[in-house]
Amino acid sequence: MTTNGSSGTQKLPLEGLRILDFTVVWAGPYSTMQLADWGAEVIRIESLQHFASTTRGVMARPPVEMVRAQSWLGYPDDDAGERPWNRYSVFNHHGRNKRAITVDMTRPEGQEVFDKLLRISDGVIENNVPVSMERLDVTWERVSAVNPNAVMIRMPAFGLTGSYQNYRTWGNHMEALSGHPLIRTYPDLTPEYAPQGVPADAASGIGAAFAFLLGLRQRRKIGKGVLIEAATAENFVPLLGDFVMDYTMNGRVWTQMGNDHWYLAPHNVYRCQGQDAWVTIAVENEDQWVELCRVMRMESLAGDTRFVDMESRHANRIELDSIIGEWTTNHQAHWVMNRLQQVKVPSGVVMNEKEALEDKHLHERGFWHPLTHPEAGTYQYVNTPWKASKTPNIAPRRHAPRLGEDNEYIYKEVLGFSEDEYRQFEETGHIGMDYDPSVP
Amino acid sequence: MMTGTMPLDDVRIIDLTQTTIGPFCTRMLGDYGADVIKIERPGTGDPARTMPPFFNDEPGIERSGLFLFLNTNKRSVTVDLESERGRQIIRQLVENADVLVENFAPGVMGEMGLGYEALTEVNPRIVVTSLSNYGQSGPYHDFAGTEINLYGMGGNMIASGDIDHEPVKTAGRMVNYHAGYVGALATTMSLHATEFLRDGIGEHLDVSVFETATHSIDSRLGRLMGYQHSGNVGTRPGRSAAVASGVFQCADGWFLITGTATFVHLVIKMIGMDELLEQPEWATVAERAKPERIDEFAAYLVPWMLERTKSEVRDACEAYGILGGPMNTIADLLSDPGFESRGYFQEIDHPTTGAIKYPGFHFTIHRDAEDGGPMPARRRAPLLGEHTDEVLSEGLGLSDDEISRLRAERVI
Numbered sequence: 001m002t003t004n005g006s007s008g009t010q011k012l013p014l015e016g017l018r019i020l021d022f023t024v025v026w027a028g029p030y031s032t033m034q035l036a037d038w039g040a041e042v043i044r045i046e047s048l049q050h051f052a053s054t055t056r057g058v059m060a061r062p063p064v065e066m067v068r069a070q071s072w073l074g075y076p077d078d079d080a081g082e083r084p085w086n087r088y089s090v091f092n093h094h095g096r097n098k099r100a101i102t103v104d105m106t107r108p109e110g111q112e113v114f115d116k117l118l119r120i121s122d123g124v125i126e127n128n129v130p131v132s133m134e135r136l137d138v139t140w141e142r143v144s145a146v147n148p149n150a151v152m153i154r155m156p157a158f159g160l161t162g163s164y165q166n167y168r169t170w171g172n173h174m175e176a177l178s179g180h181p182l183i184r185t186y187p188d189l190t191p192e193y194a195p196q197g198v199p200a201d202a203a204s205g206i207g208a209a210f211a212f213l214l215g216l217r218q219r220r221k222i223g224k225g226v227l228i229e230a231a232t233a234e235n236f237v238p239l240l241g242d243f244v245m246d247y248t249m250n251g252r253v254w255t256q257m258g259n260d261h262w263y264l265a266p267h268n269v270y271r272c273q274g275q276d277a278w279v280t281i282a283v284e285n286e287d288q289w290v291e292l293c294r295v296m297r298m299e300s301l302a303g304d305t306r307f308v309d310m311e312s313r314h315a316n317r318i319e320l321d322s323i324i325g326e327w328t329t330n331h332q333a334h335w336v337m338n339r340l341q342q343v344k345v346p347s348g349v350v351m352n353e354k355e356a357l358e359d360k361h362l363h364e365r366g367f368w369h370p371l372t373h374p375e376a377g378t379y380q381y382v383n384t385p386w387k388a389s390k391t392p393n394i395a396p397r398r399h400a401p402r403l404g405e406d407n408e409y410i411y412k413e414v415l416g417f418s419e420d421e422y423r424q425f426e427e428t429g430h431i432g433m434d435y436d437p438s439v440p
Numbered sequence: 001m002m003t004g005t006m007p008l009d010d011v012r013i014i015d016l017t018q019t020t021i022g023p024f025c026t027r028m029l030g031d032y033g034a035d036v037i038k039i040e041r042p043g044t045g046d047p048a049r050t051m052p053p054f055f056n057d058e059p060g061i062e063r064s065g066l067f068l069f070l071n072t073n074k075r076s077v078t079v080d081l082e083s084e085r086g087r088q089i090i091r092q093l094v095e096n097a098d099v100l101v102e103n104f105a106p107g108v109m110g111e112m113g114l115g116y117e118a119l120t121e122v123n124p125r126i127v128v129t130s131l132s133n134y135g136q137s138g139p140y141h142d143f144a145g146t147e148i149n150l151y152g153m154g155g156n157m158i159a160s161g162d163i164d165h166e167p168v169k170t171a172g173r174m175v176n177y178h179a180g181y182v183g184a185l186a187t188t189m190s191l192h193a194t195e196f197l198r199d200g201i202g203e204h205l206d207v208s209v210f211e212t213a214t215h216s217i218d219s220r221l222g223r224l225m226g227y228q229h230s231g232n233v234g235t236r237p238g239r240s241a242a243v244a245s246g247v248f249q250c251a252d253g254w255f256l257i258t259g260t261a262t263f264v265h266l267v268i269k270m271i272g273m274d275e276l277l278e279q280p281e282w283a284t285v286a287e288r289a290k291p292e293r294i295d296e297f298a299a300y301l302v303p304w305m306l307e308r309t310k311s312e313v314r315d316a317c318e319a320y321g322i323l324g325g326p327m328n329t330i331a332d333l334l335s336d337p338g339f340e341s342r343g344y345f346q347e348i349d350h351p352t353t354g355a356i357k358y359p360g361f362h363f364t365i366h367r368d369a370e371d372g373g374p375m376p377a378r379r380r381a382p383l384l385g386e387h388t389d390e391v392l393s394e395g396l397g398l399s400d401d402e403i404s405r406l407r408a409e410r411v412i
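From first to last, the protein sequence lines are chains A and B. My numbering puts the first residue of the first sequence at 1, with every later residue one more than the last. My numbering puts the first residue of the second sequence at 1, with every later residue one more than the last.
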């Protein structure tokens with residue numbers, strides 16, 4: 001029996017499935033978060049001797065200067081605390097509903113623990129460069145030999161083969177190589193100002209969870225496990241499909257578009273009243289254009305030859321944007337959005353974190369759900385990313401596991417090790433709740 | 001047709017989606033084996049057929065690169081949803097389908113008599129996936145929205161870009177595609193639940209672009225959590241917010257590197273300044289995290305970068321295990337040696353365009369020879385109505401006469 005059930009009487013779709021989780025940073029953990037949210041027993045396999053950077057924090061024991069300089073790291077009240085690895089906001093979010101054990105797989109008895117667990121599991125998910133997994137001997141050859149029914153998802157940035165297989169990147173570097181930031185950055189500034197966001201990681205997480213479900217179906221059909229290779233770069237490039245097609249069909253290369261649309265105008269973000277307040281407006285057709293002019297009380301603009309149709313508006317968009325921007329600076333972003341939405345002009349507030357947490361629509365939709373972590377406190381967590389009419393939709397159920405929190409349950413109840421054996425694992429540094437003092 | 005076993009090769013999908021969000025969802029399902037029957041308006045088809053880029057920049061319903069990209073592995077059937085007979089055809093198709101996907105504005109399906117409850121009367125097993133901008137309920141459910149609006153509301157736009165300039169969006173239609181991708185995951189999860197939890201009873205799924213963006217686009221989730229923990233509202237960072245980090249000019253373009261206090265020692269070694277590590281200012285992570293180190297280090301790094309090409313710097317980063325990547329154009333991407341070494345881009349032939357390259361599969365299912373070997377090549381996007389006769393005669397058992405009559409009445 002696995003344990004990650006709903007609290008109510010209704011079962012969750014993936015209850016009964018056990019997944020061993022070697023994921024790090026964001027893309028991989030976001031994928032196992034999806035699976036744990038819908039009921040799979042996801043067991044994070046961690047080591048007291050090795051700290052995977054940017055997973056349970058940037059460092060196990062970050063110096064106070066670093067916490068202060070990078071407050072966005074998100075420790076409660078900028079205090080990393082005694083065990084920072086249990087207080088890192090990002091981990092605590094994607095770790096919900098998962099379990100965590102510690103074992104040193106660089107030693108033979110650690111390898112035996114892994115084998116025992118693998119035999120009673122349904123799959124393995126990891127997102128490391130292949131050389132790291134080879135070092136732990138967690139390869140498809142090994143996994144399928146120990147458990148021929150295992151579904152394995154491997155998601156290194158550039159795949160298991162090819163000239164970049166051990167090229168280590170985060171999402172943003174892989175996106176840079178794939179062409180994204182150079183397209184999205186400002187038209188009138190050097191690429192030094194390019195945004196560093198990573199839509200690739202979210203897409204990798206969704207993709208790997210989807211791949212795992214497909215792996216389960218494939219397993220039922222062919223009667224054995226399956227390896228799915230989900231290179232995060234290969235998963236990301238199709239999200240730039242429009243640009244790839246324009247290049248392969250027409251040889252056209254788009255760069256530094258900022259908020260420009262290929263052909264719509266106006267299509268931009270405009271400053272509003274208040275601190276760093278902005279609203280987006282996009283006009284898709286002539287009716288919306290006329291309505292926008294009316295709301296701005298500039299009806300004459302609609303007949304202005306510079307802006308008379310989409311093509312001329314697009315050609316003269318810099319002038320047009322400055323006219324609209326002058327109007328929005330005199331209004332609050334929420335007022336602009338609501339006023340334009342009354343007449344069906346696409347517009348939206350650029351929401352900061354506070355606004356998102358207070359947003360009435362998200363609240364009414366049950367998007368947020370509170371959860372308490374014993375070492376970090378109570379916060380609002382995101383619920384499932386979609387609503388299913390006949391399935392329980394409460395995702396945040398159990399707090400993210402502290403380092404080694406589920407050792408007793410897994411070693412004793414699931415694997416059946418005796419009290420003496422358990423103590424032995426503790427004494428030899430496999431089991432614990434603190435990183436080895438040598439880990440920075 | 002598919003060869004060998006694919007995970008979704010026993011799943012039939014009635015696809016009422018159009019433009020981008022829904023078609024991306026069904027594209028994912030089609031790529032992994034589902035039989036996707038795409039319903040299009042007679043005469044004009046999916047509006048994406050009239051959206052650029054067009055092959056050789058000449059508009060035409062079989063020339064849109066956007067449409068060709070989004071509709072591989074689908075069959076096209078024209079049905080007029082405005083007519084009662086057309087709606088009846090949809091209900092008949094639903095009888096033998098597992099999934100229906102739609103991305104109309106909330107309420108439109110109900111108005112057409114094709115709401116979830118009505119469809120369960122025809123087929124209780126059906127999973128109905130509804131994709132919309134803001135969801136089927138809630139105060140914004142009838143708001144108008146395009147990609148930039150949804151990214152601004154849901155995603156991390158407020159923190160995207162430079163502090164002294166306006167926030168900037170993600171490229172192209174990324175937020176919409178992401179929502180479509182979530183739709184594919186949701187649909188597959190629901191098929192699993194339908195089979196294992198509910199004894200063959202389907203359900204209605206409500207996927208909203210706004211929520212899928214808030215759920216994580218561009219690290220949004222990290223910031224939403226960081227804010228709750230530290231009380232700091234995120235802002236756009238400056239050009240270089242950490243030591244040895246940011247976009248630097250090379251001999252032939254730009255390069256993104258992430259040193260930060262944690263990895264800067266590797267960058268120091270890469271640029272051959274090992275002796276720096278013996279100085280107290282650079283000896284510890286705490287020292288390296290001080291804000292004044294950012295400009296100090298730039299003085300060493302900038303000239304080193306300027307003397308090298310993007311690809312030389314990439315090679316060096318790989319050798320030293322440093323996080324870095326060239327700021328490529330799409331042209332660079334299509335000739336990138338790493339993607340090339342994997343044979344990633346796929347050539348797909350089409351009557352209008354001939355054989356051109358498309359992005360490859362999102363992920364690869366490794367199949368043994370006995371299960372079919374390497375994944376089957378994608379089938380090109382269908383011509384408008386290319387499969388109407390085939391689906392209506394084989395799928396619904398309509399006679400040639402009936403099909404001709406429906407065509408004369410412009411139902412199909």
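Derived by calculation from the structure, the hints in this document are not laboratory data. The model shown is predicted, which means the values in this text are computed figures rather than measured ones. Heads up, the beta-carbon is just placed ideally off N, CA and C, and yes, glycines get one too. There's no promise every hint is true.
What the hints assert, rightly or not - Output of the computed footprint for chain A on chain B, the stretches with three or more beta carbons under 8 Å from beta carbons of chain A: (1) 64-76; (2) 105-114; (3) 175-188.
Now for the hints, and whether the structure bears them out:
| no. | hint | verdict |
| --- | --- | --- |
| 1 | 64-76 | holds (count 5) |
| 2 | 105-114 | violated (count 0) |
| 3 | 175-188 | holds (count 10) |
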